[in-house]
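Student: Top line first, the protein sequences correspond to chains P and A.
Counted from 1, the first sequence has number 20 at position 19 by the numbering used here; the numbering is strictly sequential.
Counted from 1, the second sequence has number 177 at position 18 by the numbering used here; the numbering is strictly sequential.
Keep in mind that the hints were calculated from the coordinates and are not lab data.
Check the hints yourself; a few may be wrong.
As the list claims (entries may be wrong) - 16 Å max Cα-Cα, derived EDC-like pairs, lysine to aspartate or glutamate: (1) Lys98/P / Asp66/P; (2) Lys277/A / Glu133/P; (3) Lys277/A / Glu81/P; (4) Lys98/P / Glu87/P; (5) Lys12/P / Glu130/P; (6) Lys488/A / Asp448/A; (7) Lys277/A / Glu129/P; (8) Lys501/A / Asp431/A; (9) Lys277/A / Glu130/P; (10) Lys501/A / Asp348/A.
As a plain string of letters, each chain reads:
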Amino acid sequence: MPRPDVFDLMKRSLATIAAEAPEADAALRRAVGALRTRFVTEGRTRLFHLTAAGLALDETAQQADVEIGFDRAIVLDLAEGRLTLEDALIADRLHAKGEIAAVTRLHEALMIYLEGLLRAPGASALYEEYCET
Amino acid sequence: MNAHALPHPPLTRVDYWRASPLAEDLAPGYKEWSHFSVLAPDFDLIFNLSFVRDAHSNSATARLLVLFGDDQDRWDGEFAAIALKDVRISPGSSDATLGPASARLAGGRYRIEADLPKRDLYLAFDLEPQARALAGNAIRLSDDDRLNWVVAPHLRATGEVRSGGRRYVAHNAPAYHDRNWGQFVWGGDYTWEWATLVPDDETAPALVYSRMANRARGVTLSQSLILWRDGRLRRRFYGRDLTVTSSGALRPQQVFRLPRFTGLIGSGRAADVPRHLSVAARGYGETLDLEIELERFGQVVAPNDQWPGLTALSEAGGRFRAEGLLDGKPVSFAGRVQVEFKHAAT
Numbered sequence: 002m003p004r005p006d007v008f009d010l011m012k013r014s015l016a017t018i019a020a021e022a023p024e025a026d027a028a029l030r031r032a033v034g035a036l037r038t039r040f041v042t043e044g045r046t047r048l049f050h051l052t053a054a055g056l057a058l059d060e061t062a063q064q065a066d067v068e069i070g071f072d073r074a075i076v077l078d079l080a081e082g083r084l085t086l087e088d089a090l091i092a093d094r095l096h097a098k099g100e101i102a103a104v105t106r107l108h109e110a111l112m113i114y115l116e117g118l119l120r121a122p123g124a125s126a127l128y129e130e131y132c133e134t
Numbered sequence: 160m161n162a163h164a165l166p167h168p169p170l171t172r173v174d175y176w177r178a179s180p181l182a183e184d185l186a187p188g189y190k191e192w193s194h195f196s197v198l199a200p201d202f203d204l205i206f207n208l209s210f211v212r213d214a215h216s217n218s219a220t221a222r223l224l225v226l227f228g229d230d231q232d233r234w235d236g237e238f239a240a241i242a243l244k245d246v247r248i249s250p251g252s253s254d255a256t257l258g259p260a261s262a263r264l265a266g267g268r269y270r271i272e273a274d275l276p277k278r279d280l281y282l283a284f285d286l287e288p289q290a291r292a293l294a295g296n297a298i299r300l301s302d303d304d305r306l307n308w309v310v311a312p313h314l315r316a317t318g319e320v321r322s323g324g325r326r327y328v329a330h331n332a333p334a335y336h337d338r339n340w341g342q343f344v345w346g347g348d349y350t351w352e353w354a355t356l357v358p359d360d361e362t363a364p365a366l367v368y369s370r371m372a373n374r375a376r377g378v379t380l381s382q383s384l385i386l387w388r389d390g391r392l393r394r395r396f397y398g399r400d401l402t403v404t405s406s407g408a409l410r411p412q413q414v415f416r417l418p419r420f421t422g423l424i425g426s427g428r429a430a431d432v433p434r435h436l437s438v439a440a441r442g443y444g445e446t447l448d449l450e451i452e453l454e455r456f457g458q459v460v461a462p463n464d465q466w467p468g469l470t471a472l473s474e475a476g477g478r479f480r481a482e483g484l485l486d487g488k489p490v491s492f493a494g495r496v497q498v499e500f501k502h503a504a505t
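With the hints as extra help, turn the sequences into a complete structure.
Tutor: Given below as structure tokens:
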């Protein structure tokens, strides 16, 4: 079985939010809209965007409105409350590139995503699985 | 306030689960929990087993809460959903098991346990009631929200917590237990402050202070201070019997929040938790003045019943000192205090 990476965690947690917290899912879709976000982590890149089928991650090298760079350690530090977003950005452990408006929109989407995680009982098991690998 | 308190019932007759999370007919907004606090000299522990009816289905979500903070402001804990297949709650019974945690009442004593190896967190306590329980029914929180409670205001706890490779032992430490249930929504037009005050000297009085207010906290719906002495309910001060003032603010470098990722939501330090509370009670020819000094707090964040929004429960620990005149005689005693501030988070 392949090790679940952060993209796998994102895809499965988004599916869980859609199933268990539909209002958060709808708000997330509204917030993301046509925003295209490129995630760069540990040598891999994925483009996160909204399609007719929903939120999708793909490997195509399309243009992005925002690029976010991070590693697994920072995902765990943020999720465990050991680090704030502000401190992560200041310490240059989290990189965000793009127009201010696009970055702000992505931050708004992140807040909705986090509230969706809180509302979806199945999300914590996904995170535990990610931590264990 | 529409309270109908029932004095001094035996624990087994009042402290039991009113509903099951597996019931299919739970009313919208139904919530129930069994809560324990251990207020040791060098740490505070909250242990809470709960379930809430989900807003969008007939099913419920059960959650385990363990919140631990020591006198060096070191925090640990877990607030996680527990799959219903791992939940054992039977209406009419005081006992509950939620995954790795359990609470039982047997022989007039409570036993709480939790083993969370992934967090390197373990606890086990025996808690012995020192005062008779009190029940309050249909406490009005707002036009739509009602809360019921049973309070066991004074217990002594013996046991241990193992957290992050450290071991914390308590022997005969001050402790508290309550049970709450009813139909009330997180995000409703209400807030509360709920303080449990347990004396260092187990023969001294124990107290519970509560204040319910509207969401903006400009209108007090009810406030009370209840005093137990020699194991019995001794005095209740209500409404205008009480003058309450607060001052200062606790501002830790970073607020410990559960679930931990909610630390990313909202600002890290703002929590509106006072450093000092004064409660002056006057009535029936008796007086009591409480000075409460809060030293630390952690937060538990839960989603509001209606999208969007979050509710934060700030759990603050500290010490109190009480002086006054009871039964025509001066009294002076001190102890540990825990105050829960239920405010809106977003």
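Student: Hints first: check each against the structure and report whether it holds.
Tutor: Hint check:
no., hint, verdict
1, Lys98/P / Asp66/P, "holds, 8 Å"
2, Lys277/A / Glu133/P, "holds, 9 Å"
3, Lys277/A / Glu81/P, "holds, 13 Å"
4, Lys98/P / Glu87/P, "holds, 15 Å"
5, Lys12/P / Glu130/P, "holds, 14 Å"
6, Lys488/A / Asp448/A, "holds, 14 Å"
7, Lys277/A / Glu129/P, "holds, 9 Å"
8, Lys501/A / Asp431/A, "holds, 10 Å"
9, Lys277/A / Glu130/P, "holds, 11 Å"
10, Lys501/A / Asp348/A, "holds, 12 Å"
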